Amino acid sequence: MTLLRVLTPAAILLFASAPPAGAGEVVVAQKDKSFSRSEVSLRSGDRIVFRNDDSVVHNVYSVTPGFEFEIKTQLPGQSADERFSGQGEAEVRCAIHPQMKLKVKVEK
Amino acid sequence: MRRAAGFFALAALAAASAAQAEALLTAVSPVQREAYRLRAPVAQPEHNRSTPERVELGKLLFFDPRLSRSGVTSCATCHNPALAWGDGLALGVGDGMKTLGRRTPTLLNVAWSELFFWDGRAASLEEQALGPIASPDEMNLPLDQLTARVAAIPGYQQAFRSAYPDETISPQTIGKAIAAFERTIVSQTAPFDRWAAGEEGAISDAAKRGFALFDGEAQCSKCHSGWRFTDDAFHDIGVPGEDRGRGKLLPQIGAVQFAFKTPTLRNVDRRAPYMHDGSEATLEAVIELYALGGRAKRPSLAPEITPLALSAQDKSDLVAFLKTLTSDDALVALPALPR
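From first to last, the protein sequence lines stand for chains C and R. Just so you know, we're using this note's numbering here: the first sequence kicks off at 1 and counts up by one. Just so you know, we're using this note's numbering here: the second sequence kicks off at 1 and counts up by one.
DSSO-like mimics (lysine-lysine), calculated; alpha carbons at most 27 angstroms apart, straight line:
{"hint": "1", "chain 1": "C", "residue 1": "K31", "chain 2": "C", "residue 2": "K103"}
{"hint": "2", "chain 1": "C", "residue 1": "K103", "chain 2": "R", "residue 2": "K222"}
{"hint": "3", "chain 1": "C", "residue 1": "K31", "chain 2": "C", "residue 2": "K105"}
{"hint": "4", "chain 1": "C", "residue 1": "K103", "chain 2": "R", "residue 2": "K248"}
{"hint": "5", "chain 1": "R", "residue 1": "K222", "chain 2": "C", "residue 2": "K31"}
Which residues of chain R face chain C? A partial, calculated answer using Cβ under 10 angstroms:
{"hint": "6", "residue": "G120"}
{"hint": "7", "residue": "Q219"}
{"hint": "8", "residue": "A233"}
{"hint": "9", "residue": "F234"}
{"hint": "10", "residue": "G254"}
{"hint": "11", "residue": "A259"}
{"hint": "12", "residue": "A302"}
{"hint": "13", "residue": "P303"}
Keep in mind that the hints were calculated from the coordinates and are not lab data. Being a predicted model, the structure only gives us computed values, none of them experimental. From the three backbone atoms N, C-alpha and C, an ideal C-beta is built for every residue, glycine too.
Extracted from the complex, chain C is given alone in its bound form (with noise of 0.2 angstroms):
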């Protein structure tokens, strides 16, 4: 399920003022080794934009069973996106600060 793009911080403002049809966005910041948000409800296909907003770099992964993904090493500035498919729960964190959680909720 993984599709892992690294935007540039134009290309996101791009997609956040015209998203693809049909699937959905949600931005999730990074700062003060903090999600912006502890929760997400999405649709399946589609994607959250992980935003590095700090001056640290981060790690955003998920070992959830069937929501398997690893944004490797994200510096500050930088932004990825995940598609999120199927149904389900994941627990997303950041690999190198564990205070960092952050619930997906996926419906069909």
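With the hints as your guide, set chain R onto chain C.
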């Protein structure tokens, strides 16, 4: 004439000192200091709220060597309050005098940790407390034997009834009691705290310069952040060795290979030697490692770890600052153990 020249020289010196002092104040703003002052209340899980009975019971268990197979090792053997809740050794020593793979971490301010052990393999303090007891390398007492041994001591039966009236003596309640005690191990006010609160004379100018570097150019505070001076996170900082640390638990994630939990810097000058393996003997050696941008250059090396152009004065200022984080904590009175 000579006297006048002397006067002007003195006046120039005074002006220079005033400018220096002003530069220091500018370099270290009250906002920066404030970021290190906010102490959160002691974190307590819903299922194990602190009570005096629980803390007292936990203290008994913590200091009781009968919690080891040999009967000679207690939690306090390695987490010795007289050694800043560590053991002062490069590597821990376990059952049968076996040398362990990592240095004993301090228990200071452990109440606020997110994950436990150097590699974060325990998710709660309650779980962590049982790990070294059951580990064949450490206290080597299987948990069923632990329960039987504790439950056979009349004094403990009474103490458990008072502390956990609705629960039986079990590994879970033993872990909970030890955790309740460990949450009381909290560093007190250090000279740095008095300075952060506005007492200018509480620390030296060298320490102030050291803090400006720590929180500025040297970027130490990227990871050693907040009043505990830790982000509770896992980083490869370039300590040589084969121990993959957090990477053993998350083998698929490159960034946490050779990564270990950021330790608190509170009372750090009482806890030499340093690093997860005790490989750096002094604070000066630790700063040298960071100045080099780590001694081991691996793909997992944290991007924050880059070589630093630190002068001898800078290094000495950083050490001066680190020493201001030590508080004069109250001595711990040893309990009389139940028989």
